[in-house]
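Based on these hints, arrange chain B on the given structure of chain G.
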Amino acid sequence: MDQMSLLVCGGTGCTSNGSLEIRTALEQELARRGLAQDVKVVTTGCNGMCGRGPILVAQPEGVFFHSVAPEDVPELVEAYVIGGKPPARLLYTEEQRGPVIPKMSEVPFYAKQQLIALSNRGIIDPENLEEYIGRDGYQALSRVLTTMTEEEVIDEVTRSGLRGRGGAGFPTGRKWAFARAAVGNPKYVICNADEGDPGAFMDRSIVESDPHAVIEGMAIGGYAIGASEAFVYIRGEYPLALARLNLAIEQARTYGLLGENILGTDFSFDIKVSVGAGAFVCGEETSLIASLEGRMPEPRVKPPFPAQSGYMGKPTNINNVETWANIRHIILRGAEWFSSIGSETSKGTKVFSLVGKVNNTGLVEVPMGITLREIVFDIGGGIPDGKKFKAVQSGGPSGGCLPESKLDTPVDYESLTKAGSIMGSGGLIVMDETTCMVEVARYFVAFTQEESCGKCTPCREGTKHMLDILTAITEGRGEEGDIEILKTMARNIKATSLCGLGQTAPNPVLTTIRYFRDEYEAHIREKRCPSGVCKPLISYTIDKEACTGCRACAISCPVTCITGERKLPHVIDQTQCIKCGMCFDVCNFNAVRVE
Amino acid sequence: MSKLTPDTLNEIRDRMQHGVILREGEGRAKIVVHMGTCGIASGAREILTAFTDTLGPLGDDIILTTSGCAGLCKHEPMATVQLAGQTPVKYIDLTPAKVRKIIEEHVTNGSMVAAYALAVGSERLS
Chain G
1 MDQMSLLVCG GTGCTSNGSL EIRTALEQEL ARRGLAQDVK VVTTGCNGMC
51 GRGPILVAQP EGVFFHSVAP EDVPELVEAY VIGGKPPARL LYTEEQRGPV
101 IPKMSEVPFY AKQQLIALSN RGIIDPENLE EYIGRDGYQA LSRVLTTMTE
151 EEVIDEVTRS GLRGRGGAGF PTGRKWAFAR AAVGNPKYVI CNADEGDPGA
201 FMDRSIVESD PHAVIEGMAI GGYAIGASEA FVYIRGEYPL ALARLNLAIE
251 QARTYGLLGE NILGTDFSFD IKVSVGAGAF VCGEETSLIA SLEGRMPEPR
301 VKPPFPAQSG YMGKPTNINN VETWANIRHI ILRGAEWFSS IGSETSKGTK
351 VFSLVGKVNN TGLVEVPMGI TLREIVFDIG GGIPDGKKFK AVQSGGPSGG
401 CLPESKLDTP VDYESLTKAG SIMGSGGLIV MDETTCMVEV ARYFVAFTQE
451 ESCGKCTPCR EGTKHMLDIL TAITEGRGEE GDIEILKTMA RNIKATSLCG
501 LGQTAPNPVL TTIRYFRDEY EAHIREKRCP SGVCKPLISY TIDKEACTGC
551 RACAISCPVT CITGERKLPH VIDQTQCIKC GMCFDVCNFN AVRVE
Chain B
1001 MSKLTPDTLN EIRDRMQHGV ILREGEGRAK IVVHMGTCGI ASGAREILTA
1051 FTDTLGPLGD DIILTTSGCA GLCKHEPMAT VQLAGQTPVK YIDLTPAKVR
1101 KIIEEHVTNG SMVAAYALAV GSERLS
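Line by line, the protein sequences give chains G and B. All the letters of the first sequence, read from the start, carry residue numbers 1 to 595 under our numbering. All the letters of the second sequence, read from the start, carry residue numbers 1001 to 1126 under our numbering.
No lab work stands behind these hints, which were simulated from the structure alone. Backbone N, C-alpha and C define an ideal beta-carbon position, used for all residues, glycine too. Be a bit skeptical, because a hint or two may be false.
[Claimed, not checked] Computed footprint of chain G on chain B, listed as stretches where at least three residues anywhere in the stretch have a Cβ under 8 Å from a Cβ of chain G:
(1) 1061–1074
(2) 1081–1094
(3) 1106–1120
Only chain G is shown next, with the shape it has when bound in the complex:
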């Protein structure tokens, strides 16, 4: 027979409930009865049932004792260890169990996340600078200013492998090196917080939960490139982020962490906040600089890059919020640590806003290289209401829609590009089987068309024509050859637009054609929307067999085009029907069909 072991829980909860005294009492009692050699007493980690501690588990039988007190020990040894009968009052039964609270590491949403940029989320009060300092805040800046040369800082960031989190993925250290080497004075640092993608809120959340992390990163960048003036260009639609950022800058000035002679050194650096007016193109760095200078936000030809000629024609370094929030961790923990996380070409973590048809919508930070499947199904908990997954779009309105067959794509800059999408700034929109992919493409082109600044003809006129064709297809006016025209236009718009907006706007069209061409063909050839979304192509009918005549549909119909006697099958008058779908939604018997 296996030797008996008594496992005493040594978790924080049980220890504070006196489990160490239980251990001592057990050892004394066993020794007193000469059983010390036969029964092993072991201290274990937390059992997770802290509410009923101290917990004691007897192996090999796996008997579970709860709420054990030192005075219970003699009885426990007598009755169970010797007699083999556990005292009932100490036994833990299923009835007593009640709902068990899992650990954070057991909650799928949190289990696969790994926090760097968001490491203070949910922990510190973003309006309290001292709480940030308590979490090693401004230690990286202090180290940089007192022990590192500018070159050493740039070298550390370069070796970390950090790449721009705004979307393009340019190596941050190299960008800094260009700005440092550029001739011109003064130099500027800019934080791009103009997060314009629909459904994306990574940057907003970072600024809201940890504004000082962004400020500290910017100050370190300013020191490295030799700048003492900086701007945060932030969306006007983010009032809370704006308020917390302004407060944080004010506090940092009060504590001498911004302004003249920071931390008593001869480094001076200050930040101004500039509020954007909601133009998507301002996410592009040269447009952002134009807007900051008070000009119309339009991109310009690069080179010269902002590192050579940026704000007011001076050397300027722009990074996105998430990039800045990573900097202090790289300085404090080193390039080697950072580059040990992630994939071959993409280091560290990435923050994504996970939205759409997914159970756990939210903000997630995951190591680079994790697969889309893990994000959508493990972290996101899969698709609600038992529906099937259809596609996930990464990278905002100009990202691509990837199907089930691409779910094992690792999330890094190169792999996503190869699959036809982009990393973008980190929006992830999940779509289920009730989503029409032609309509999705039409929706996103409508967005980019509206947001095109109009400078480049292919982007301004091309997206308009693509939108017209896509609208025609969704309305049943599509023609043979439309798909080829769309593909040709998409290629040309991508190749001939000046900035990222035009270069990526056709991505949703190209990927939906690539992966869901059958849906386009059904719209064009059969005048049918397989997902039952495009109103002009669908009709609602009532299945006579399934209809119970409950009248729910007839009562809800806004144009009263459903008729029928109570308890007899109802009929929809197709000439009056406006295809609002109310009858479909209210029917409890699945009698309303969409075709």
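This is chain B only, laid out in the frame that chain G set:
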């Protein structure tokens, strides 16, 4: 406030590490209401008010504070409750009534309200 130096920065850090990480003898409980835009849009201000109103008479050894979003927007409003010497508990989908029950059962009597809790513990940092 005089301007910080590296030394005084370290002093604040050492002092605040005790404040951020709740330890025994420094307050009986710490409650964090997660107040990002998502939380506020889901009613986090009412939750904060419910905590303030209900905790009022319970004494000032309970730290009530706010933070940014906890990430799981679907289950906002959320709050984290930690009693001294115990692991933090994340409560989700809160209402003022749930807040009052949490204060009564968890904060005052020390037993977690499992029905409203998502998980115990903290997130994995890199």
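Hint check results:
Requiring three or more residues with a Cβ within less than 8 Å of a Cβ of chain G, the coverage given for the stretch 1061–1074 of chain B holds, as 10 such residues are present. Under the rule that three or more residues need a Cβ within less than 8 Å of chain G, the assignment of the stretch 1081–1094 of chain B holds, with 5 such residues. With 8 residues having a beta carbon nearer than 8 Å to a beta carbon of chain G, the stretch 1106–1120 of chain B meets the requirement of three or more and the stated coverage holds.
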